[in-house]
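Given chain A, work out where chain B should sit, using these hints.
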Amino acid sequence: MSLTRRETLILGIGAAALATAGLRSSPVLAAAEDTQAMIMEFTGGKEPESGRITLNAPEIAENGNTVPISVSVDSPMTADDYVEQVIVLAEGNPNPGVVVFAFSPLSGSADASTRMRLAKTQNVVAVAKMKDGSVFMDKREVKVTIGGCGG
Amino acid sequence: MASAKPRVKVPSSASKDEVITIKTLISHTMESGVRKDKEGNVIPRKIINTFTAEFNGAKVFEANIEPAISANPYFEFSMRVPESGTIKFTWVDDDGSVYSEEKTIEVN
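Top line first, the protein sequences correspond to chains A and B. Residues in the first sequence are numbered consecutively from 918, following the numbering used here. Residues in the second sequence are numbered consecutively from 174, following the numbering used here.
No lab work stands behind these hints, which were simulated from the structure alone. Model, not experiment: these values are computed from the prediction. Just so it is clear, CB atoms sit at the ideal spot from N, CA and C, and this is done for glycine as well. Treat each hint with caution, since some may be false.
So, partial list: chain B residues that the calculated Cβ filter (under 8 Å) puts toward chain A [claimed, not checked]:
{"no.": "1", "residue": "236"}
{"no.": "2", "residue": "246"}
{"no.": "3", "residue": "248"}
{"no.": "4", "residue": "251"}
Bound conformation, chain A alone (with noise of 0.2 Å):
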């Protein structure tokens, strides 16, 4: 099969656009595994179990550089009995790690919330590392209108 010029200039840009699609998508894998890690790392390698702890964050945020999210961890923060520590992980930003909250027992409860900034739609999860050293997490989707990291 003989291609004419025309034929040739369209295999061409195909080609073009397959790559870029190729390098895109790759660096959201790339976060996607690093959060992951990120949260083996953080859980020393065991598997958190769903529950305990609560992830608040909007459906939808309209404004990607300030995103109210609040975590809350089921716990009696007894001198014996407390969370140690949360982390907050975007999977969709340049780098996945948001914050880390430690507690103590005089914290009273678990609560804790802040604003974050979040580049696209993405999953942002929460991480909580209890004294006994078990680890709860939570997970939500948010959607962005605009994202928040510039450029």
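Using the frame of chain A, we list chain B on its own:
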């Protein structure tokens, strides 16, 4: 930003072992280190990287902060009040500056 101004909201009194809510805010640009200026140069990262709250010297709450926290970082958290005392809030900047604020609380 030249001056980072901390603002903290703590109730002035509480009953013993009451769990109170504390709100904190500090004005800071939280430059993420991924933005570029008009010439395409990366603007260097400059954020508040750590926030801590201590009650009479004992740690209550700490946040280790990444650039994904918004400008003017806001934190809301809880504290159980065992006795009257002072809550000390500290923010640490990437450039080494430390901003702090203290509030007293009475147990009645």
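Evaluated hints:
1. With its C-beta approaching chain A no nearer than about 5 Å, residue 236 of chain B sits inside the 8 Å limit, and its interface hint holds.
2. Interface hint status for residue 246 of chain B: upheld, as the beta-carbon distance to the closest one in chain A is roughly 7 Å, under 8 Å.
3. Hint status for residue 248 of chain B: holds, given a least beta-carbon distance of 5 Å to chain A, under 8 Å.
4. The beta carbon of residue 251 of chain B is positioned within 8 Å of a beta carbon in chain A (closest approach about 5 Å), and the interface hint is therefore held.
In summary, the structure agrees with every hint in the numbered list given earlier.
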